[in-house]
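Its first residue numbered 32, the sequence shown is counted upward by one per residue in my numbering.
Worth flagging that the hints you see were computed from the coordinates, not collected in a lab. Even glycine gets a Cβ: it sits at the ideal position worked out from N, Cα and C. You may find that some hints are simply not true.
Claimed, not checked - Straight-line alpha carbon distances no greater than 30 Å define the calculated DSSO-like cross-link-like pairs of lysine-lysine that follow:
id : residue 1 : residue 2
1  : K320      : K245
2  : K228      : K186
3  : K228      : K254
4  : K404      : K330
5  : K253      : K320
6  : K325      : K410
7  : K376      : K404
Unchecked claim - Ranges between beta-carbon positions, derived for each pair:
id : residue 1 : residue 2 : range
8  : S294      : T358      : 33 to 39 Å
9  : K224      : S246      : 29 to 35 Å
10 : F229      : Y44       : 44 to 50 Å
11 : S294      : S46       : 48 to 54 Å
12 : N400      : S257      : 55 to 61 Å
13 : K325      : I37       : 22 to 28 Å
14 : E298      : K365      : 14 to 20 Å
15 : K224      : P255      : 46 to 52 Å
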Amino acid sequence: MKFKSIKTKILFYFSLILSVILISFSFVFYYYFNQTIITSIKTNLLKTAYEIEEKLENNQTIDLKSYNCDIKIKNKTSQNRFEIRDYGEYLKATLFFYFDNKEIIISKKVDDKSENLVDTMLVLEPILLLILIFLANKMVDKILIPIKNIIKTSKEISINNFQHTITQNEEYELKELVDRFNDMIKRLQEEVKSLDKFNTNISHELRTPITIIKSEISIILKKPRSNEEYKNTLFSILEEINNIQKITDNLLLLTKYTKNNISETFELNDLDSILLEVIEKYNPFLKQKIEFKKFENIKLNSNYQLIYHIFSNLIDNAIKYSPANSTINLFLYKKNKIYFIIQNKNSSFYKKGSGIGLDIVKYGVYLHNGTFKIASNKKTSIIITF
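All chains, please: the whole structure from these sequences, using the hints.
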């Protein structure tokens, strides 16, 4: 049987179990109560028989009316001294007592207390069951109050409203549930802030090349220009279009992979080879800025595309935002974990580049179960571990 309500389910099983307990108790109680009555009647009949036997032995007169039972005396012999028959049938118990070739029959009506008890229990048990169900209903309502508060709070939460949390509860099970729910709200708050920041970064990075393209076209159209000026403007526009293309590629990369599907794309890659491949795309002058401080052959079960973008975005930012005469130090080695470190004296190389490129780096590291850390001392370092 399926129930949509937890409360209904609890009350149903509570009523079912309670009914079984009450019925079982009734049968047991009735049985022992009835046995007590039977034993009492047997004892009374035997006591009466002993008294009559004593009077017969002493030739005393027997006043049959003085006994609270029916007594009959017949001439009959038997090997048994006492014999109780027909107990319980027609609410009457009979004792056959044999003495001196006489059959003395002592009969007594069984008290109908057992029947009265059954009638009483048939009336009281349903009433008791209803009272207990009513009290259980109230108790369940009280127990479910924190859960109702959780439901109420969850309904008030929206993408623009994460201010509500649930009041702590003393019960261990509910306290743990409330703690997990409040932790979830905090995580959602952080995720929404991160999403807002990500949207801001996208807007900024898309707006910049679009603004440059618009300005270049506006300027070139104000008056006739030489072929060289048109050519330079087109090169500038092409560069910004390439930037837009890079941004869209990064966006596609962010949406393409998740924790659920990333492992399917993993293969054994040489990280040192990927890093060298990234550096090869730069011209000789930019390559001179890069210096390997520690470089080892490292293999990692990973997604090639994401690893390439991690290296590429970090080195791009370092080259773009570092002073012309500065050196970019690179480390790739293994010591318990795999370390990739990019280091520069200029702290702005990651701040200015903290847009979608850095989001790609952080997300790629996250998908590889790695860590991302920024450390600043005399030199600024981005430290990635896998």
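A quick look at each hint next to the structure:
no.: 1; hint: K320 <-> K245; verdict: violated (33 Å)
no.: 2; hint: K228 <-> K186; verdict: holds (25 Å)
no.: 3; hint: K228 <-> K254; verdict: violated (40 Å)
no.: 4; hint: K404 <-> K330; verdict: holds (21 Å)
no.: 5; hint: K253 <-> K320; verdict: violated (40 Å)
no.: 6; hint: K325 <-> K410; verdict: holds (16 Å)
no.: 7; hint: K376 <-> K404; verdict: holds (16 Å)
no.: 8; hint: S294 <-> T358: 33 to 39 Å; verdict: holds (37 Å)
no.: 9; hint: K224 <-> S246: 29 to 35 Å; verdict: holds (32 Å)
no.: 10; hint: F229 <-> Y44: 44 to 50 Å; verdict: holds (49 Å)
no.: 11; hint: S294 <-> S46: 48 to 54 Å; verdict: holds (50 Å)
no.: 12; hint: N400 <-> S257: 55 to 61 Å; verdict: holds (56 Å)
no.: 13; hint: K325 <-> I37: 22 to 28 Å; verdict: violated (59 Å)
no.: 14; hint: E298 <-> K365: 14 to 20 Å; verdict: holds (19 Å)
no.: 15; hint: K224 <-> P255: 46 to 52 Å; verdict: holds (50 Å)
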